[in-house]
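Q: Sequence:
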Amino acid sequence: MKLFDLESPLMQFLNKVADMMWLNILTFICCIPIITVGPALTALHYMALKMARNEECYITKDYFKSFKLNLRQGILIWLIQLVIIALLVGDFLILNYSAISFGQPMKLILLVVSVVVLFTFTFVYPVLAKFDNTVLRTIKNAFFIGILQFPKTILMMILSVVPAVLFVMAPQIIPVVFLLGFSVPAWAGAKLYSKFFQKLEDQMNGAGEADGEQEIEQEDERIFKDELDESLQEEPPRIG
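All letters in the sequence shown, in the order written, are residues 235 to 474 by this note's numbering.
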């Protein structure tokens with residue numbers, strides 16, 4: 235096999251890098267209005283999972299399909315996230331700079347709450363991208379998955395902050411961060427949770443077939459509305 239044949243490992247690798255660069259640019263552009271960060275990240279994780287599974291996809295078309303499909307819920311979740319972050323930052327500032335002494339227990343409680351929030355929002359956009367549900371249940375399911383996938387959640391959190399650290403510590407590689415800072419961590423995270431998501435998908439698709447439910451329309455590849463949190467609690471040994 236020649237080095238530059240379309241099917242050669244080198245060309246496949248270069249094609250994937252090019253796809254990740256374009257996916258990163260699309261995400262960056264769609265995040266610029268700020269209000270659309272939620273649907274932009276949802277579409278990012280939708281594409282990252284497809285790429286991690288080596289599924290056939292068209293970056294621009296499929297990205298905007300997910301973006302449009304999850305626009306309303308993505309914006310709502312993003313606004314909720316902003317409010318929670320603002321409240322936590324405000325609480326930390328009050329605890330650290332207030333003349334009143336709140337004591338270590340209050341700081342510990344705030345730390346625990348912050349960790350729970352981080353766990354939840356690490357998975358909330360991947361869950362929104364794949365599972366059709368209400369906003370509150372999506373957040374609840376993301377929390378359960380974040381806890382059940384504990385080691386992988388920590389690794390995903392680390393991966394998500396690496397580009398920001400590189401941006402601050404090594405300004406000379408800012409162009410690389412701009413081209414790959416969103417897509418590579420999302421793709422690596424999708425590699426970590428893909429098998430677990432697949433088990434949930436198989437479980438729910440099997441339940442849907444048993445209930446005689448029809449197949450989902452091709453335009454919407456998300457799993458039907460479900461009681462995912464109850465499924466997670468019933469079968470913890472199935473964690474992948």
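Calculated directly from the structure, the hints in this document are not laboratory data.
Treat the hints with care, as some may be off.
[What the hints assert, rightly or not] Below, in silico cross-link-like pairs of lysine-lysine (DSS-like), each with a Cα-Cα straight-line distance of 25 Å or less:
no. : residue 1 : residue 2
1   : LYS386    : LYS302
2   : LYS364    : LYS425
3   : LYS425    : LYS250
4   : LYS250    : LYS374
5   : LYS341    : LYS250
[What the hints assert, rightly or not] Pairwise CB distance ranges, derived in the manner of DEER restraints:
no. : residue 1 : residue 2 : range
6   : VAL399    : ILE259    : 15 to 23 Å
7   : GLN246    : PRO339    : 50 to 58 Å
8   : TYR292    : PHE336    : 22 to 30 Å
9   : ILE328    : ILE388    : 22 to 30 Å
10  : PHE262    : CYS291    : 29 to 37 Å
11  : MET245    : PRO267    : 49 to 57 Å
12  : LEU244    : VAL317    : 21 to 29 Å
13  : THR368    : MET245    : 39 to 47 Å
Note that the structure is predicted; figures quoted are calculated from it, not measured.
Here a beta-carbon is modelled for each residue, glycine too, at the ideal position from N, C-alpha and C.
Q: When the hints from earlier in the document are held up against this structure, which numbers fail?
A: Those not satisfied are hints 1, 4, 5, 8, 10, 11 and 12.
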